[in-house]
Amino acid sequence: MAVHPSENLPSASAPRPLAAAPPAVTSVSPTSGSTAGGTSVTVTGTGFTGATAVRFGATQATSFTVDSDTQITAVTPQGTGTVQVTVTTSAGTSNEFVTYGYTTLSAPVLSALSPSSGPGAGGTVVTLSGSGFTGATAVRFGAVPASFTVVSSTQITATAPAGSGTAQVTVTTPGGTSNGVAYTYTSAPVPVLSSLNPSSGPAAGGTSVTLTGSGFTGATAVRFGTATASFTVVSTTQITATAPAGSGTAQVTVTTPGGTSNGVAYTYTSASVPVLSSVSPNSGTTAGGTTVTLTGTGLAATSAVRFGATAATSFTVVSDTVLTAVAPPGNGTVQVTVTTPGGSSNGVSYTYSVTPTLSSVSPNQGPTSGGNTVTLTGANLTGTTEVDFGATPATSFTVLSPTQITAVAPAAVAGAVDITVTAPGGTGTLHSSYFFVNAPVLTAVAPLSGPLAGGNTVTLLGTHLVEATAVRFANTAASSFTVVSDSQITAVVPAGAAGAADVTVSTAGGTSNPVTYTYVAAPVLTALAPTQGPTSGGNTVTLTGTRLSQVTKVLVGTLPVGFTVVSDSHLVADVPAGAVGPVDVTVVGPGGTSGPQSYTRVSSPGI
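Residue 413 in the UniProt record's numbering is what sits at position 413 of the sequence shown, and the numbering runs on without skipping anything.
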């Protein structure tokens with residue numbers, strides 16, 4: 001259908017509508033994710049209403065939802081590197097340089113939930129097990145975010161939000177979003193108590209008791225008989241409670257919104273309380289896994305070892321005075337305690353040391369022969385026990401502060417290596433951060449000699465010359481130099497004394513072998529005979545002076561002429577034809593040009 005201007009265009013007197021502003025992107029969260037895509041990203045900005053496209057670089061988002069005029073939720077496509085995030089509407093495409101980084105991190109994997117169900121009101125503390133949880137940015141029950149704590153790379157504790165039915169629980173990290181594992185919302189059941197560990201303790205109370213059963217979510221009370229105990233709900237199947245003082249046998253019960261459980265007997269005894277005197281080592285990594293030896297008395301009947309409030313990963317009773325335990329993950333300094341039928345021991349301090357990290361090394365290269373001192377910068381370096389260059393330990397090292405170490409590099413083959421530090425908190429590595437460099441080798445210098453005043457350019461040939469930092473003639477630096485390639489350098493010779501001088505090249509790999517360059521004084525011309533001759537030339541003159549055996553050129557005026565060296569003080573040269581009058585005669589050698597002597601051409605006599 002034809003379009004008539006009068007039908008579609010505003011009249012000249014009608015006000016023109018203002019053009020809508022293009023959208024603007026101010027931020028994205030998270031700012032990075034897996035190269036495989038699939039990460040849910042929140043894009044914040046303005047003018048998003050009616051968005052028709054969201055792009056990560058040149059690639060469309062897998063999907064996106066316009067949450068409001070200022071927010072879009074988009075699922076990343078596959079990609080690599082750092083890309084610009086843009087939003088397109090009918091008003092145009094955003095042009096702010098807001099970026100998203102694709103990382104090579106793997107998406108987390110979620111394998112299990114404990115418990116896997118809880119009341120619709122939420123509040124259940126759920127332990128998520130799997131891998132790749134480090135740096136987690138979100139835990140969701142279905143589409144609802146949950147509060148959470150990353151315990152380790154394989155465990156997260158999260159508090160279930162309110163919900164109903166079955167929700168897929170997922171974990172999001174910079175590497176992407178995990179698979180989903182089902183969590184079921186149920187009506188609260190009556191709790192069931194199946195066992196206590198330990199099932200006895202001293203009449204004074206204070207024993208930490210683990211209650212095992214089901215339906216513990218939302219517990220509001222734990223009682224030993226009629227006495228109320230302090231407690232922590234670990235999961236829907238486990239509670240830790242501190243036994244109050246008592247005597248005889250008491251029935252332990254758990255109360256939740258679903259009711260009060262059955263009772264399980266706890267016996268108050270007169271057994272002695274265990275005593276701890278030491279723990280060795282007294283520190284370890286935050287990830288846990290460190291095996292420690294606990295020394296004390298009354299340990300034979302130990303039923304639990306705790307690092308703070310967390311049970312040891314495992315423990316073994318060696319004797320009544322010694323037991324070994326594997327530290328669980330943790331942070332800071334905690335008190336290690338043991339529990340026996342006699343009660344809980346005093347605490348001995350155990351410190352979780354943060355994993356060391358390295359951020360830089362200076363200088364970042366050195367000779368394959370080693371021996372140079374480098375400064376390592378990072379964090380949590382206190383207590384470092386080892387510094388390695390690749391697989392080779394540093395010759396020596398000194399911890400200057402929690403953020404700095406100096407280390408002497410060992411000998412190694414040429415190439416890049418990792419630098420790794422080992423401390424009580426684990427290891428920190430700076431990948432491919434230090435380069436062992438071969439020492440330079442010189443094979444030739446050309447020309448081999450030059451004037452005392454320098455200023456001439458020579459070519460140095462050899463190998464491993466590409467990173468040259470200095471060229472020296474004896475102890476004097478070259479006036480300037482240019483690295484042409486790994487096998488060639490051109491250098492401007494500095495002034496020097498007459499005689500041989502060692503020429504060397506220095507790089508991060510060391511100083512080269514020397515090659516010989518000779519400083520030569522200029523020849524001196526003191527006389528010539530005869531001092532005149534015919535304009536037709538063809539006659540021979542004898543030049544007298546010193547250092548004439550080095551002469552490479554004889555000039556009459558500016559014209560080179562043939563010559564013969566007779567001795568270091570004499571040479572003979574042929575005079576070419578020329579105009580009547582005086583002309584300068586000079587000689588040139590490696591050391592420079594002589595002062596001139598005058599030769600006069602005269603006319604033949606007339607007859």
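Hints listed in this document are in silico derivations from the structure and should not be mistaken for laboratory results. From a predicted model like this one, the values you see are computed outputs, not experimental measurements. All C-beta atoms, glycine included, are put in the ideal place defined by N, C-alpha and C. Check each hint, because a few of them may be wrong.
[Said to hold, decoys possible] Just the calculated beta-carbon pair ranges, DEER-fashion:
| # | residue 1 | residue 2 | range |
| --- | --- | --- | --- |
| 1 | T82 | N282 | 17 to 25 Å |
| 2 | P582 | T469 | 51 to 59 Å |
| 3 | P596 | V565 | 38 to 46 Å |
| 4 | E467 | A446 | 20 to 28 Å |
| 5 | T324 | A416 | 36 to 44 Å |
| 6 | T267 | T159 | 32 to 40 Å |
| 7 | T324 | V466 | 16 to 24 Å |
We went through each hint and held it up to the structure:
no. : hint                      : result
1   : T82 <-> N282: 17 to 25 Å  : violated, 44 Å
2   : P582 <-> T469: 51 to 59 Å : holds, 52 Å
3   : P596 <-> V565: 38 to 46 Å : violated, 19 Å
4   : E467 <-> A446: 20 to 28 Å : holds, 22 Å
5   : T324 <-> A416: 36 to 44 Å : holds, 41 Å
6   : T267 <-> T159: 32 to 40 Å : holds, 35 Å
7   : T324 <-> V466: 16 to 24 Å : violated, 56 Å
Hints 1, 3 and 7, counting from the list given before, are not met by this structure.
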